[in-house]
Amino acid sequence: NAGVTQTPKFQVLKTGQSMTLQCAQDMNHEYMSWYRQDPGMGLRLIHYSVGAGITDQGEVPNGYNVSRSTTEDFPLRLLSAAPSQTSVYFCASQPGHNTGVGAFFGQGTRLTVV
Amino acid sequence: QQQVKQSPQSLIVQKGGISIINCAYENTAFDYFPWYQQFPGKGPALLIAIRPDVSEKKEGRFTISFNKSAKQFSLHIMDSQPGDSATYFCAASSGGGTYKYIFGTGTRLKVLA
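One line per chain: the protein sequences are R and B, in this order. The working numbering puts the first residue of the first sequence at 32, with every later residue one more than the last. The working numbering puts the first residue of the second sequence at 23, with every later residue one more than the last.
Keep in mind that a hint or two might mislead.
What the hints assert, rightly or not - Once the Cα atoms are required to be at most 27 Å apart in a straight line, the calculated DSSO-like pairs of lysine-lysine come out as:
# : chain 1 : residue 1 : chain 2 : residue 2
1 : B       : K90       : B       : K79
2 : B       : K64       : R       : K40
3 : R       : K45       : B       : K90
Hint data in this document are derived by calculation from the structure and do not stem from the laboratory. These numbers were taken from a predicted model, which means no experiment stands behind them.
All chains should be modelled from the sequences, with the hints used to inform the complete structure.
Here it is as structure tokens:
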């Protein structure tokens with residue numbers, strides 16, 4: 032089982048460029064989410080999805096878009112990259128509500144915006 | 023009210039000692055409190071979790087103590103080992119353990135050999 036797979040692992044963007052961070056899970060989990068991790072700030076929720084076709088905003092959604100066309104995939108799009116989006120991004124998946132099982136995280140994508 | 027406050031920011035413990043990390047929350051709707059362990063360059067991994075209907079949960083050398091009235095919970099690592107050196111995050115969520123976690127700011131633990 033691969034678990035949660037994120038690509039790419041590293042990326043450098045110029046200000047104003049757009050890109051998509053990929054996330055795929057092979058555990059048939061209902062819930063998927065994107066977090067960003069910044070020094071001294073823990074992980075903050077960007078967007079989440081409770082199933083295919085359903086997404087919603089988290090704590091810090093500005094500048095990011097998501098979609099969920101399949102159970103397996105949950106890409107995160109940066110529309111016009113800004114230096115403030117320099118961060119480590121983690122995708123997570125979870126079986127569903129009240130299962131008593133926590134979130135499984137991917138290995139992360141380290142993004143630098145110059 | 024959505025914050026989870028974690029302390030200390032960093033911790034150095036001798037091998038065999040006890041590591042203690044504390045977290046406090048305000049939102050009484052939180053009903054699931056996991057701890058995550060993260061090694062450099064890796065994603066967080068679930069270590070242990072507790073619900074507010076119990077005051078303590080133990081898994082091996084790791085124990086969560088939960089004080090509902092004080093709205094505080096803590097992670098105790100007994101017999102700390104150099105391999106435990108990592109960053110630890112507490113988190114909280116509502117609605118039976120959902121995807122919407124509020125994370126603490128993390129504690130960097132170093133266990134000296």
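Now for the hints, and whether the structure bears them out:
1. Using a Cα cut-off of 27 Å, the hinted pair K90 (chain B) and K79 (chain B) holds, with the two alpha carbons roughly 14 Å apart.
2. Between K64 (chain B) and K40 (chain R), the direct Cα distance comes to roughly 11 Å. Compliance with the 27 Å bound is thereby established for this hinted pair.
3. For the hint linking K45 (chain R) to K90 (chain B), the alpha-carbon distance of about 47 Å lies beyond 27 Å, and the restraint is violated.
Hint compliance for this structure: hint 3 is the single one not met.
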